[in-house]
Each structure stands twice: as C-alpha cells, then as structure tokens.
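> Protein chains in written order, with our numbering: chain G, 106 to 420; chain C, 106 to 420; chain L, 106 to 420; chain P, 106 to 420.
It is worth saying that the hints were derived from the structure and are not from the lab. Since the model is a prediction, treat every value here as computed from it, not as a measurement. Where hints are given, some of them may not hold.
To be verified - Each computed DSS-like pair below joins lysine-lysine, with the alpha-carbon atoms no more than 30 Å apart:
1) L:Lys-385 - G:Lys-233
2) P:Lys-233 - C:Lys-385
3) G:Lys-385 - P:Lys-385
4) C:Lys-233 - P:Lys-385
5) C:Lys-385 - L:Lys-385
6) G:Lys-385 - L:Lys-233
Stated by the list, open to error - Stretch-level coverage of chain P by chain L, calculated; a stretch enters the list once three of its residues show a Cβ under 8 Å from a Cβ in chain L:
7) 225 to 235
8) 267 to 275
Note that CB positions come from ideal geometry on N, CA and C, so glycine has one too.
There are 4 protein chains.
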Amino acid sequence: MSVRTDLALEAREMVQSQAQALDALSGVLAETEHKASLTVTRVKVDEQGSRTLGKPQGEYITVEAPNTLFSDLDLQESVTRCVAEELRHLLGERSGTALVVGLGNRDITADALGPLTVERLLVTRHLKEAMPQLDSMASVCALSPGVLGLTGIETAEIVRGVVERVSPSFVLMIDALAARRMERVNTTVQLSDTGIRPGAGVGNHRLPLDEETLGVPVFSIGVPTVVDAATIASDALESLCRHAPDSFAEFFGKMDEADRHAVLSEVLGGEEQNPFVTPKDMDSRVRRLSVILSEGLSLALQPRLDLSEIRSLTT
Amino acid sequence: MSVRTDLALEAREMVQSQAQALDALSGVLAETEHKASLTVTRVKVDEQGSRTLGKPQGEYITVEAPNTLFSDLDLQESVTRCVAEELRHLLGERSGTALVVGLGNRDITADALGPLTVERLLVTRHLKEAMPQLDSMASVCALSPGVLGLTGIETAEIVRGVVERVSPSFVLMIDALAARRMERVNTTVQLSDTGIRPGAGVGNHRLPLDEETLGVPVFSIGVPTVVDAATIASDALESLCRHAPDSFAEFFGKMDEADRHAVLSEVLGGEEQNPFVTPKDMDSRVRRLSVILSEGLSLALQPRLDLSEIRSLTT
Amino acid sequence: MSVRTDLALEAREMVQSQAQALDALSGVLAETEHKASLTVTRVKVDEQGSRTLGKPQGEYITVEAPNTLFSDLDLQESVTRCVAEELRHLLGERSGTALVVGLGNRDITADALGPLTVERLLVTRHLKEAMPQLDSMASVCALSPGVLGLTGIETAEIVRGVVERVSPSFVLMIDALAARRMERVNTTVQLSDTGIRPGAGVGNHRLPLDEETLGVPVFSIGVPTVVDAATIASDALESLCRHAPDSFAEFFGKMDEADRHAVLSEVLGGEEQNPFVTPKDMDSRVRRLSVILSEGLSLALQPRLDLSEIRSLTT
Amino acid sequence: MSVRTDLALEAREMVQSQAQALDALSGVLAETEHKASLTVTRVKVDEQGSRTLGKPQGEYITVEAPNTLFSDLDLQESVTRCVAEELRHLLGERSGTALVVGLGNRDITADALGPLTVERLLVTRHLKEAMPQLDSMASVCALSPGVLGLTGIETAEIVRGVVERVSPSFVLMIDALAARRMERVNTTVQLSDTGIRPGAGVGNHRLPLDEETLGVPVFSIGVPTVVDAATIASDALESLCRHAPDSFAEFFGKMDEADRHAVLSEVLGGEEQNPFVTPKDMDSRVRRLSVILSEGLSLALQPRLDLSEIRSLTT
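Starting from the given sequences, assemble the full structure and let the hints guide the process.
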C-alpha cells in the first residue's frame, strides 16, 4: 500500500483490488446508502482491519457528491445536511463544549480548508460564559493552530495545551486530505471517530492527534483536495497494463516497487518539489467547501438551530 | 484620561498637557535620543507613575520614524535595526526558547499586524529539536491565537495552555495599537517589558496577558494603526479652542465630558459602529510594517545572524 | 458645500440645512417611499438643481437599509431585490449588451467594492457569441480597469477604448463612495442615470466617466464605505454649536472656512495622510455588499432568470 | 507534438528527442550561455522552424535558475538583473511609452503571475503627463485585462481598445506558462519578441495577442507555473520504457496516441477537471516571482534608474 490515500474507502478498494483473500478484509465492514444524488459509505474497521488497511480502528463515513457540486447550490445544501446528520450519528449523545480545530496552512490553497472552515464557524463558548441563560445554544469553540513549519511547535502540543485549559467534551479536527483518484477530489467528505495520524492530510504532523494524546474523544472531518502526482502516474501505468500484452504485465508486476517509485519521482522533479495534482479552480472550490463544512458542523453541533438561523448568525 | 491611547509616550504627554503639577509625574522618567532620523524615547514607569498614567509599571521604548517611512527602504531598514537594538536591551541576558505571539484578527486590516508579523518570522524551535547541533540559532517558536469572537476562547487561555506545553523562557506579544495622533499611526513602534492589559490594542482582550497570568516574563511590541474617531473629533475641538474667544474656551472647559462624548458618539453613528480613523493605504502599510517587525525581531532573537542571512532564511 | 459627499440625498440635506430659501431647491424634486424596512428616496435634479447641489442633472435613487443589515440575511435579500427593481426602472426599455465597470482599487478595502462586485457578476457576452441560440440571457460583459496610480492610464481612457471595441448599449459603473454621515456607511445604495465626475468616489478620477466621454448612456451604482475624517470633525463642531452659548456660534460662524479646514487638517496629520473614518469590520462588510450588488445587478440585467438561478450560475 | 509546452526550449528538445533528421531543425538556431549559476538559451525560429516547432517566428530567450532560487535572495537578484539585460537586448533602441499587460486570473494562484507583476510595476505615464520635465523616467503604463470567463470580452479586444487610446510604442505581455518538466516550473523565465497565440499560457485566449492584432510590436515574458497532469503521466511511461523489455517498448510505440491520451485522461478524472501538477508552496513562489519580474521589467524599461531606486519607488 505505497500509494497514498487518506480515505478509508479508497484504502479498502485498494486492498480488494489487490485480489487479497476475502478473509483479509474480515475486519472491515462496509455498507453503502444512496441519499438522493449522494452516496454514503460507512466503513467499520476493527483491530484486524486496522492492520490490513493501515488506518486506525473506528468508523469512517464517506459522503460522495456528483462532480456537478460546484455549479449546484441545492446539491451543496444537501451535502451540508448530510454531513450534519452523519456527524450527529458519530457524536451520539455527547454534550458539553466542542473544540473544533482547523488543521493546515491558510496560505497554501490546497491546505487551507481547516482554517477557512473554522473562520466561518458559529462559535458560542464565550457568549454562553457571559450569558449563561443562553441555553438554546451548545457551547462551541475553535482554534487554527497553524503548521509546524510556521510555528516551530507540534500541532499536537498546541491543541493539547488548549484542551487542558478549555476542557472540551470532545475535539473535532478539520483537515484537507489526499485522495487516490481525481474524481473524488473536492467532492467527497470523510467523517470519522478516530483521530489523525502523523503523515496524513495535505500537511504533515509528526505526532498523532487522537484520544490518547489529547485526553478527550477526537472526531475528524476531511475533504481530499489533492492527489499525489506519483499516484496519478502509477495509476496511469496500471490502467495501461490492462491494455498491454502479457509480457508487459509480467514485467511490470516483477518490477521492484522502489525502482518504480524512483523512476516516477525523477520524472516529477524529485521529492523536494513535492508536486501534486489538483483542479485548476481549486481556490474557489476550497472556499465553497469551507462554507459547506462550517454550516454542516454548526447544524450538527447546534440541534436547536436550523440552517437559516445558522446562516444569519454567521453572516 | 478618557481619550484612548496605547502609547505610554502619549499618555505622558496628555498628563503633562493637562497642566498637572510636576510631582504628579515623579513616577515617570523619560529620556529622548536621536538616532539619525529616528527618535527613541524611553519612559520608565514606577508604581506611582503607573497610577498616574494608567499603564502597567515597566519600561516603554518608542521608536518614531518620519512620515516618509513608506517610500524610503533605507529608513525602513533603520527602523528594523533600531527595533532589534532596543529589544535586545529590554531582553537583557535572557536565553532559551522565545515564544512570539501575534495578537489580532488577520482578516481585519487594522488588526492584522500581529498575525502577519508572526507569519514572516524566522521560526527555529522544531529545527533545533531535530538537529540539536544547530547551535548557531536561538530557539524561537510562534503562535497566532486568533481573537475571542472567532475562537470563543480568551486569548490568555490559549497562550497559557501553549506556554505550559512549550515552557518558553519568555513571551513576546505583537499587537496593533490605537494612538491619539494621526502622525504617529504606522510610523511609531512601542516596545515594553510589560504585558498587555484588557482593552488595549485594536482588538479586545478581557484577561491580561502578563507575567502573572502566563507565568513567564512577557514583552510586547506594537504599532498604532488607528486613531479613535472620537479622539480625532475631540482633538479638533481642543485645537479650535486655542483660536476661540475666551467665552468659548470657558464653555468648552465647563462642558461635561460625558456630554461631550455623547455628542461626538452620536455624530459618529453610535458605539456599535466602532468607527476609527486610518490612512487610506493602510493595507499595504500594515504588510510593510509586518516585514519591518519580523526582521527586527529575528535580528534581536538571533544574535549570530545578520540581516541578509535572516532575509534569505525567511524568503 | 466644502464637506464632501457623493450622495445626492445628503447634498440636498446639506443645502436645506444651510437654511437656503426654498426656491433655491426648485430644481430638486424628492420623494420618499418605504418598502418594508427599506427607505427609497428618489431625487430628480434639473439644470438649476445641478448648480445648487453641485451634482450632474439626472435621477438619483437611494436605498437605505437599517444598520442590522449585516446580521440579517433576509434583509440583505430585500436590498438585492430592491436594487434590482430600481435599476430596472432607471434602465427602462434598454436592451443589448451591458458593460459593467468596477471602479476602484481591489487592494484597498474601502475602494474594492467595484472590482469585487464585477468578479461575482453573471457574465454572458462570450457565451452568447458562441451559442447565439442562448436567447434566455441578456448579453453582459464586465471590466475592472484598475486605478490611475497603478496603471498610469486614466480610467476614462481605458473604458472608452473598450467601449469602442465592444459597442455596448450602455455602461454601468460600480464605485465605492464617500458619505457625510457614519450611519449611511455600508447600508445605503445610490443608483443614478448620470455618470461619475472627477473627484467623486473613494478613489480619484481626473476625467469624467459619462455619456459625453464614453459615447453611450452611463448609469452608476455606489455604496458609501467611508466618511472623510475632516467631515466627522466638522460635524462634531456643528453639533456642539447647538449646545454652545451664542458667542461661540457667532465666532464659529465668522471663522474663515479655510482656517477651519487648516486647523482640522493639521489635527488629522496633513493632507497626504488622507485619513478617513470607517467601521472596524469593513473588510467583511465590503465583501458582503459586493454579493448584494452583483446579485441585484444580475437580477436587473437578466429579466428571465430568478435569484436562485443567478446564484447557481455564479457559484 | 501532442504534449503541451509553452517553452520554445522544450519544443526544440522534443523535436530533437523524436530523432528527426537534423535538417528538420534547420530553421531553429540555438545558443547557450552560462552567467554564473544561470543558464541563458537563445533560440531563433525562422519560417521553416516555426512550422517544425509550432511556435511563431522570432527570438526566444530562456533564463534558467537552479532550484535553490526560492531560498537564495542573491540568486533572485541575479535573475532580476539577467531578465532586465535580456529584455533590453530584445527591445533594442525602442523608446516611447511601454504598455505592460498582465494576463491571467488573479484569483487562481497558478494563473496570477501576470496581474501580480503588473501591480508591483513602476508605472510613470501619468506622472510624466503631469510633469513633462520628469525626463529621467521612461513612460510606462500597465493593465490587467482579466480573463474571458470573468469579463465576457476577449483579452485581445480589451488590449486593442486600450492600445488605440494610449498609442504605446510597444506592448509587453506577462503570462503564466505551462511547461513539460517539473524542474522548470517556477525557475525558468522565457522572454520573446513574438506575441501570444490562442491556447498558450495557463489561461486560454481565443484570439492571438500579437503585432498583427494589436498594431504595435509585442514582446512577452512568461514563467511556467504548472505541468499538465497528462504530460507527467506520459513522461513517466516513457521513462519506464527505457527500463522495459523490448516487447513493452514495441507495444508502447505502436499504441495509438489518441488511445494513450484517452486512458490517461480517464485516470485523471476527465477533461473537465482540467487537473495540473504544481509544487505545494506555489502561492508564495508566484508572489516572489512577481517581485523578480516586476523589478526586472522596471530595470529594463528605466535605463536611468538602478535597482535600489526602483525598489524605493515601488515600495
């Protein structure tokens, strides 16, 4: 599983496509539901499945929208509502203060989803402290901790320090992800009740952000905004193989994976360029996604408010 | 002292201009030095002076540049070097990790100076942890905690949480200030060895950010970016008085200050508009100031690096 | 009339408040209509009125919203619809290509309304050229010509050059204005069937932008985003006068206007600072206003589309 | 030549690598010069060469910097000076007003180079008109015409309209380009004395921007900011072929190019996604490049000013 994806859905597909025996997937349960034009897939990963997929144990929910998402406001609202419902399902009966953390670098478009979502969120903790009678609202606070390269501090350290002062009931991470397939970029939302591991997301964290390090339950929401360029090239090769004579498939199958990666990396200008593939109008798509996510979150976290109230309060 | 200023220099001028007896200022020592075209004023405030000026005890250093600052790169570099020298003087022999905190809201131009400065800072703590042999660099880390209205968390809570995890030797706050006189806006830098009190700066903090709340020494650097509109109007009245017949000066002197403020507020559209006066090209000036401050800070915090090395490392 | 305003409504109020004889206003007809919580004032200025008010002849329509505008999405939609209706009234039966011009400097928040509105506009001219059968849409094109200081070219020259190539039926200018009263800033939209004269708006044009220079009818839409700081100070003085003893009012009345302006300018840091008064959260208000204007314009220019269709097409 | 590149240097390499007879390249002269760590290649294309390379006749100069460019301020200044020298060489003895046109969409990072460069340029035409005695400065004006999708007007129409009003001696276009190799992205500047053809650059123009359409000589400066994702995948395949057994090379060589492109396109999510490959920190690189280009241009266009004077005038 050298090809990188942050989507459990894709990790499962890859394992399956590698023609492994069904019992290798016995720790991974998946069910798919269609909600109008959206596809919702719920993947449950137990201890055995965690080893197979290389993802932490827990539940992963994927909401997939058609690629007309960015020219269809009604569809955007459906995604908002669906994200809210699935998030409520994951959160269960939890109450108390929610701390929403927007991971990533606001100045790199592909990595800005977390900070932009947090900026638009309905934040209420300070209002409730000042007006305790404001009991129609749940207590929500938020933080954009920045990235290690600009702060010199591990994101996990910053979040843990704030968790210790604020004592939230749970933490909700927002992050930009990497996908394996272009058609999922910007149109897929993944929710999970697991934390975030080092190396996941578009940015890079060295320490995990999960219940063990933070001391409270951690949920995460992410949208893939990029595909690694090496993944694209590798997929292209695999597609071609289906059309190639047996001798090539044989050669390709025998080729050392490290060699293959070295060749692709060289073509892509080397590791330090860190190139990725992304749609050209990513800037406006990421802004739009941050609106969808912030409204979906507020709807899930504030059960007594409807969408139009949330919009008025965050305008 | 109802007219607001964050500059100790101006607070002192106001007390003097109110023609108070000299002994009322016995707790405030000031000395002025001219460094080429810059004016450096050092104001020391003791316990008695603190009550008179309404500012915390400590040392306040003001670097004033001529208003040609924004069309003169050499002058900008002089300010950078002068800020570095004065900051080194305040810091004394302190070593160990510095935590630089950029206060304010990045999305409000007049309040963005702190976050923008922190973005451009030479940050090294994570590099030194990975490469302990990197002993030519001091350990610097940085944080932009956001503002209460967008996070729901008091800035002091966030900073204290991070201080407890990171254990810096001292904290250095960067903030946008309010001044009393337009000619000081964007051309004056104030450094101090005191923390920041609630209500100071362009934004608003309810809890103090000082050694008592954070547990380590706190320094601060600020630049006024705005003047309260009511201050401008009030100053205009006072100026006119000097030209007015005695009867007006008498009337104006007798006028109740609350009445005067009510009249001015009404003219300005009421408290909730929170209007301020600012130069038209503030956007580009604040960006330029953030470069001056970040380079000045890095120069002060990294005694083994010169300005061209710092520029190359932060490009 | 030394105090600056771009609103005909305010120019009329000022003339009236200067207690001029009623016949001085005989060339200025005004009527006011209340549409739910909005106030619509229509001022017609004939040749005589033009001399009195210092504004070009024509019709000026002002839509005033309450200051809750920025926390009330329904109110924002009402303004959008009202702007569309009033603009349709001004345009009359005109058809053919509309050229919308966003005046101002996108990098100065207070001056960015024009360029931001144009960015969000539903633009169709190129689609209709490619698909002539697209007859449900009117032909609309748009331009942000920049400002003289950044282009070295008079805005009127650029627009005239483009008008000659594109041959629109009419031109519609969007501009940020200066008002005289803070309570009108950001909450008032002025529409007119006259062009824009030099010195109007937040920026500065040396040549007029009107039917005479451009060769086609010119309409304009503007929102005040600033008040001159000197205006604020001057208004404060006038308010105080109402409370002052006769001797002061007498002194103030006799005071030479140039002297008064010199005193105020000195207080404000001199002409070159060009300070203005503005609400603190102007950045987000200007973005929101650009959405209101672009949707209002598209609704007026595209009679066969409703608001939800326009939103989907410009998302 | 289905693989897209805007660099004449790469077009020439591709033709050569396709093992065509030398006489096919008889219309293309190239010479390479090393200036410290920069490589300058001058390619002259005559009528015959134009057919071979698919590029307009003229001179193309490429300045290539090592990939340490973004962490080395001295190297950036070398590129600035080299661009200035090569541009002066292309311009020859031309004098009179220069119109600099920044092509592209400022809101799409990869396409923003033109508008950002124009924003920082030293613009003088309006100053010289006001002060004719200002004879130490050449007359320079500038324009960012926007893109067809946002204006509804062909870029060539806008520029021609402005050229007719302003009557410049020549036009200089700035554009973001597509390259074939990642290692050239952001580190290569191409200057030419030819105009820009439809379909070139990151954005898309339907009409050419050249001396024929604009009526005055046209020069252009561009920097590649992206590589087409399909190009990357295709190059990966070709690299692999060198390691593959003969049977694969044979298969690959015989494979229909249209089929190959269809396979790659499918993998990349289809044409409408329009994906491209780009370095992750493109946002800050494009800003830095716009400073290099604007200073290089100003240095070339203002022979009586040195770099420090230009920096002070554009700060």
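> A separate judgement is required for each hint: does it hold in the structure or not?
Now the hints, each set against the structure:
Only pairs whose Cα atoms come within 30 Å are accepted, and Lys-385 (chain L) paired with Lys-233 (chain G) is accepted, the gap being roughly 24 Å. Among the hinted pairs, Lys-233 (chain P) with Lys-385 (chain C) is consistent with the structure: their alpha-carbon atoms are about 24 Å apart, no more than 30 Å. Restraint check: the Cα-Cα separation between Lys-385 (chain G) and Lys-385 (chain P) comes to about 13 Å, which is no more than 30 Å; the hinted pair holds. Simply put, Lys-233 (chain C) and Lys-385 (chain P) have alpha-carbon atoms about 24 Å apart, close enough for the 30 Å limit, and the pair holds.
Under the criterion of a C-alpha separation no larger than 30 Å, the hint pairing Lys-385 (chain C) with Lys-385 (chain L) is consistent with the structure, at around 14 Å. A hinted pair counts as satisfied when its Cα atoms are at most 30 Å apart, and Lys-385 (chain G) with Lys-233 (chain L) qualifies at roughly 24 Å. A count of 5 residues in the segment 225 to 235 of chain P with a Cβ less than 8 Å from any Cβ of chain L is obtained; the coverage claim is therefore met, three being the minimum. Against chain L, the segment 267 to 275 of chain P contributes 5 residues with a C-beta closer than 8 Å to a partner C-beta. That satisfies the three-residue criterion, and the hint holds.
Checked against the numbered hints above, the structure breaks none of them.
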